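Chains as they are written, first to last, in the numbering used here: chain A, 666 to 959; chain B, 666 to 959.
It is possible that part of the hints are untrue.
If chains are identical, the list can't say which one is meant, so a pair holds when it fits in one copy or spans any two.
[Unchecked claim] Calculated cross-link-like contacts (lysine-lysine; reagent style DSS-like; alpha-carbon spacing at most 30 Å):
{"id": "1", "residue 1": "K806", "residue 2": "K749"}
{"id": "2", "residue 1": "K806", "residue 2": "K954"}
{"id": "3", "residue 1": "K723", "residue 2": "K841"}
{"id": "4", "residue 1": "K749", "residue 2": "K954"}
{"id": "5", "residue 1": "K749", "residue 2": "K814"}
{"id": "6", "residue 1": "K841", "residue 2": "K814"}
{"id": "7", "residue 1": "K736", "residue 2": "K832"}
{"id": "8", "residue 1": "K861", "residue 2": "K814"}
{"id": "9", "residue 1": "K749", "residue 2": "K832"}
{"id": "10", "residue 1": "K955", "residue 2": "K723"}
{"id": "11", "residue 1": "K749", "residue 2": "K725"}
{"id": "12", "residue 1": "K756", "residue 2": "K841"}
Bear in mind the hints are in silico, worked out from the structure with no lab data behind them. Bear in mind that the values here come from a model prediction, so they are computed numbers and not experimental data.
There are 2 protein chains.
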Amino acid sequence: MTWRKNPLHFLKQFSKLSAATTAGAITLLSIYVYDKRSSKAGLCASWTNVSEEIPYPKIKWNHNWDRRDPKSLVKPSKNGVVEKDENNNIKNDILDVTPTATRNILLIRHGQYNLNGLTDTDRYLTTLGRTQADLTGSRLKELDLPYTKLISSTMTRALETADIIHKHLPDLPREKNDMLREGAPIPPEPPVGHWKPENYQFYTDGQRIEAAFRHYIHRAPADQTEDSFEIIVCHANVIRYFVCRALQFPPDGWLRLSLAHASITWLTVRPSGRVSLKCYGDSGYMEPKKISYS
Amino acid sequence: MTWRKNPLHFLKQFSKLSAATTAGAITLLSIYVYDKRSSKAGLCASWTNVSEEIPYPKIKWNHNWDRRDPKSLVKPSKNGVVEKDENNNIKNDILDVTPTATRNILLIRHGQYNLNGLTDTDRYLTTLGRTQADLTGSRLKELDLPYTKLISSTMTRALETADIIHKHLPDLPREKNDMLREGAPIPPEPPVGHWKPENYQFYTDGQRIEAAFRHYIHRAPADQTEDSFEIIVCHANVIRYFVCRALQFPPDGWLRLSLAHASITWLTVRPSGRVSLKCYGDSGYMEPKKISYS
């Protein structure tokens, strides 16, 4: 110990250290308080004059949510900065990967099915479910959009629904995908008492449904010249999760949405990556007594 | 200065102070790091195994969003704790204010209107707008729900739409409210280039539309014995904002939703305060060529 030899010198040194520590503590405290305040800053109902703040954090729209923002597709990419050439024009390599078409994705829930079935095969459409699917096929035909593809989950009730829809649109190419099967996407907030999947279901289904989202929901590629209209026949949980994810709403809020059998939910993804919900759970083309939810 | 008189004693005291400061700094640092980690913790697609975190903070459902949680209505209220009597039963004063009925709120956008009108009076429904309103009135009649009230904004296009709907439901009591008029609820995220209201519009409209939300969207009072079905005829921005707020989705995300003229959007508010969206922008009862958006 040197302080016994020269207590004054040691004290000076110690004092410096202590002052630094104190300054550090004050700095940390300031950062902490600042952070606390900025993370607490919620949304306001108007710019300045609010009687009470809406308890919601300000969350920016992620323009590169599908990792297809043109700037992120060219190398070397400069985070978020549009690269320009010497004449201040957007560089050709960015223009080459910039989408021009809009993707329309029509999500259809399967029709009502036999809830008593223990296996997927036994969970076939009820008579009402077949009627609902037929009405939806008819409505899609009536909408007369330039459909590009009819995609469906591989579960019996979704395949049957897609089969019935396909009768109305017989020329439409079909695609089936296991990733679209029903499951437990993410523990819902608020939690519900009556629906408690096992942890392993969220573990496996959640990852798979997120994979399906990344596969099907994204902006058009640059080489797509015409707007596209895809029909995806799948399941309530999958559709509700897709809608929350696509709109950048909290994904665990999916169970706040309720979805009628065979209803139409329409998402558009613009070339800019902006997403819009045109309708959710549209079943207005069915007689009221034909509408069912579970 | 006492340290010249007794440097050793002073050094001991100083050392204690310094140690305390250092300990304090470490504590602050720990809190800061912990907070950083917890505020950064986003939602996961599944419980544990994610290839990539979904960049969304975990936000709890606010059960007392309408300030009508029974526990918050009795005095003295113990924050969130259900008060029980000596026999471990929920206290009568809480049961007395506990709702039992569900409120159904059917939000109808007005029909297409004359966009060239400079004043509200000149922004009357077009022929198509009148047809849309008529089809919606007819659909509401067909749904045959025990409607309790027909409410509307006081703007010409909303009043005209409500008048046409009322012809289909002539016995329904009517109510008009200025708070439901169209406006700029909150600066949208992501921002849009083509729609730039003046700051004072968000300042005045935002507060008013939030006031309308608090007035019309809430759980049933305890003395409501039957489920209610209210029809509210108003405007696209108001409805989109109401939907985001009611579902506890980010309110500034309202412009991610698109809304067809005279379409039906159906919210239910359960006695527990849980909110569910049954459909959004349903216009399936209209021929496709009758559907319009702006």
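We went through each hint and held it up to the structure:
1. K806 with K749: neither (45 Å within a copy, 59 Å between copies)
2. K806 with K954: Both. Shortest intra-copy (22 Å) and inter-copy (13 Å) distances satisfy the 30 Å Cα cut-off.
3. K723 with K841: neither (39 Å within a copy, 33 Å between copies)
4. K749 with K954: Neither: 59 Å inside a copy, 43 Å across copies.
5. K749 with K814: neither (37 Å within a copy, 58 Å between copies)
6. K841 with K814: within (11 Å within a copy, 46 Å between copies)
7. K736 with K832: Answer is neither: 42 Å inside a copy and 55 Å across each miss the 30 Å cutoff.
8. K861 with K814: neither (35 Å within a copy, 38 Å between copies)
9. K749 with K832: This pair counts as neither: shortest intra-copy Cα distance 51 Å, inter-copy 60 Å.
10. K955 with K723: neither (41 Å within a copy, 38 Å between copies)
11. K749 with K725: Classified as within: same-chain Cα gap 25 Å, cross-chain 43 Å, threshold 30 Å.
12. K756 with K841: Cα proximity of K756 and K841: none, with 39 Å in one copy and 55 Å across.
The structure does not agree with the numbered hints 1, 3, 4, 5, 7, 8, 9, 10 and 12 stated previously, though it agrees with the rest.
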